[in-house]
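Chains A and B are the protein sequences, given in the same order.
Residue numbers for the first sequence follow the working numbering, so the first one is 1 and each next one is one higher.
Residue numbers for the second sequence follow the working numbering, so the first one is 153 and each next one is one higher.
Any given hint could turn out to be false.
Each pair of labels, with its calculated beta carbon distance range [stated by the list, open to error]:
1) A:Glu57 with B:Val254: 29 to 37 Å
2) A:Arg121 with B:Arg308: 47 to 55 Å
3) B:Glu205 with A:Arg89: 35 to 43 Å
By construction, these hints were calculated from the structure, which means they are not laboratory data.
We put the CB at the ideal spot given by N, CA and C, even for glycine.
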Amino acid sequence: MNSTPGPMNFSHAGAAPSVLLTGTSSDAHTWNLVYLQLVLEEIGHTVANLGPCPPDELVVRSCLDLRPGLVVVSSVNGHGFNDGLRLIRALRADPELAGTTVVIGGKLVTDGLRNVGMVRRLTAAGYDRVFDDGELADFRAMAARSPYRAVS
Amino acid sequence: MTTAPPSAGSPGAPAAGSASFGAFVARAYARGELVVQPRMGFGDPGLMREGLERTRAAEAVTVGTLTLDSYTRVNDLPAARRAVAEGVPLNGYPLCTHSPAVSRDLLDGVHGPRFPVQVRHGSPKPEHIVAALLSVGLDATEGGPVSYCLPYGRTRLDEAVASWRTACAMLAAAGGTTPDGRTAGGGTAAGRAADRWRADPRPADDEPASPGDPVRLPHLESFGGCMLGQLCPPSMLVAISVLEGVFFARHGLRSISLSYAQQTSPAQDLEAMAALRALSDELLPDIDRHLVVYAYMGVYPTTRSGALSLLEAAARLAVESGAARLIVKTAAEAHRIPTIADNVEALETAARAARSAVRRPPVASDLDTEVYAEARALVHTVLGLHEDIGEALLLAFRQGLLDIPFCLHPDNAGLARSFIDSDGRLRWSDTGRLPLPVTAVAAARKLTSADLLTALTRVQRTYDPGGIR
Chain A
1 MNSTPGPMNF SHAGAAPSVL LTGTSSDAHT WNLVYLQLVL EEIGHTVANL
51 GPCPPDELVV RSCLDLRPGL VVVSSVNGHG FNDGLRLIRA LRADPELAGT
101 TVVIGGKLVT DGLRNVGMVR RLTAAGYDRV FDDGELADFR AMAARSPYRA
151 VS
Chain B
153 MTTAPPSAGS PGAPAAGSAS FGAFVARAYA RGELVVQPRM GFGDPGLMRE
203 GLERTRAAEA VTVGTLTLDS YTRVNDLPAA RRAVAEGVPL NGYPLCTHSP
253 AVSRDLLDGV HGPRFPVQVR HGSPKPEHIV AALLSVGLDA TEGGPVSYCL
303 PYGRTRLDEA VASWRTACAM LAAAGGTTPD GRTAGGGTAA GRAADRWRAD
353 PRPADDEPAS PGDPVRLPHL ESFGGCMLGQ LCPPSMLVAI SVLEGVFFAR
403 HGLRSISLSY AQQTSPAQDL EAMAALRALS DELLPDIDRH LVVYAYMGVY
453 PTTRSGALSL LEAAARLAVE SGAARLIVKT AAEAHRIPTI ADNVEALETA
503 ARAARSAVRR PPVASDLDTE VYAEARALVH TVLGLHEDIG EALLLAFRQG
553 LLDIPFCLHP DNAGLARSFI DSDGRLRWSD TGRLPLPVTA VAAARKLTSA
603 DLLTALTRVQ RTYDPGGIR
């Protein structure tokens with residue numbers, strides 16, 4: 001299918017990826033990550049996809065190693081609020097990652113309801129944007145505006 | 153459903169009256185009844201008990217499920233403890249966090265020979281879970297070194313294989329067997345591994361069975377038929393399920409089940425189940441075993457009518473293909489974690505659909521299929537790689553001889569890709585290094601995010617009103 005077949009989990013072929021895409025530590029879902037990888041690649045990004053269940057330390061280390069311009073956290077298991085809050089605190093705790101753009105989206109709580117307080121707490125803790133389930137168009141527009149794309 | 157004699161004659165079948173999970177399912181199968189089972193887990197013990205009680209009381213032949221929460225699954229027990237302490241809702245039951253006494257109370261009078269309960273978890277390194285379930289009197293669970301590792305995280309496959317060897321030995325030892333068939337505690341490596349876990353000092357842990365108790369026959373189900381939930385060609389699902397079954401048997405399990413998840417083509421699903429039956433008959437004689445169908449594991453219909461009719465199709469597949477058990481999905485699946493009432497409705501809907509379906513006796517031509525030929529080639533190639541099944545699985549993934557399409561795990565070759573063909577069947581668009589003929593490749597073009605979404609939502613669109621059915 002791909003003219004240059006390569007492993008599924010990265011498309012940056014050695015160079016620094018423009019986006020680090022990741023699930024959260026307790027979230028085993030992967031289709032959201034496969035789909036977002038394709039979406040991001042189609043608007044010109046190169047993607048390192050950490051896949052499901054990365055420990056917070058791995059996300060931090062990968063950000064420091066790969067220096068992506070944009071970090072995308074996707075969660076659909078209902079623990080996204082809790083896990084995402086812990087993850088952003090770990091990322092922002094490192095001064096070198098204080099200015100990295102980090103966004104989160106998906107189904108972030110178990111009851112499936114959008115919650116203004118939740119969005120406020122996530123942004124207060126350091127996320128640049130919080131996308132609800134169904135706000136893909138907004139996500140795509142944000143990612144397309146990102147100055148870090150490999151192709152424009 | 154008819155009461156034709158069971159074709160899955162299993163020489164190792166447990167005696168009638170045994171308390172085991174496998175025996176319960178075998179008795180229902182012999183009566184011509186499909187066992188239906190929810191995927192249910194709640195953090196609160198009271199709610200979890202209510203879920204089991206109402207599963208048991210449903211108008212259906214049911215077994216119970218304790219689905220564990222994701223923190224317990226990844227062995228982040230501090231996070232599970234914090235969540236319980238702070239009242240943060242969990243997406244399953246934290247078996248390793250609530251005390252054994254709490255879990256025993258929860259099971260007391262519900263779990264038993266007439267209503268066995270299976271622990272479902274998704275852990276690539278499940279020793280802590282197996283220790284906990286054995287310590288509260290349970291002995292049925294599910295998973296596998298491949299199926300609980302590759303789809304769900306980054307745990308190295310070799311670590312998962314090592315952990316599942318230990319977990320199998322722990323389960324087998326609870327039933328009094330070791331991998332070589334001797335009585336437990338006989339000094340094998342697996343026996344010693346199990347001993348180490350059993351020696352792990354936990355409060356109020358191992359309650360010795362009273363002398364009158366029937367011998368336990370621990371049961372382990374391979375989740376191999378569900379890899380990534382959707383878009384995996386059925387031949388690969390069958391192969392992983394059979395290979396994990398062989399792994400369990402070689403590590404001492406005497407009662408197992410093999411799974412297959414409903415996919416995009418009812419005809420191909422029947423072929424896959426026939427292949428699963430034939431390969432398990434061939435490679436797992438003398439083991440108590442049954443086949444399990446999972447209602448569709450991918451993107452679920454959003455409407456009530458669509459969701460329930462997809463479930464009914466799964467129930468018909470289960471009965472017609474000679475499966476003994478069905479794992480249901482609910483009408484709420486697309487929207488939220490299902491409630492107890494959602495689950496009861498699903499169990500009763502599936503049981504009704506099963507009663508109007510007819511078990512089809514296997515015929516030789518069932519195996520004259522692409523699915524069987526591919527599954528057989530995959531299974532026998534892997535078994536030929538190494539005499540140790542764990543090593544054979546590791547070699548197979550390292551060499552890309554097993555390769556799960558769209559799986560992001562670092563130990564998956566990631567070269568094989570699949571697609572839904574115009575006839576609705578799942579096929580290969582790239583076989584990577586799989587030991588399959590080039591004719592197995594049915595399409596070659598780059599998949600876009602829109603194509604992927606179309607494939608992922610095909611079943612949803614088919615079953616929701618106004619769909620393409």
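Here is what the structure says about each hint:
no.	hint	in the structure
1	A:Glu57 with B:Val254: 29 to 37 Å	32 Å, holds
2	A:Arg121 with B:Arg308: 47 to 55 Å	35 Å, violated
3	B:Glu205 with A:Arg89: 35 to 43 Å	40 Å, holds
Hint compliance for this structure: hint 2 is the single one not met.
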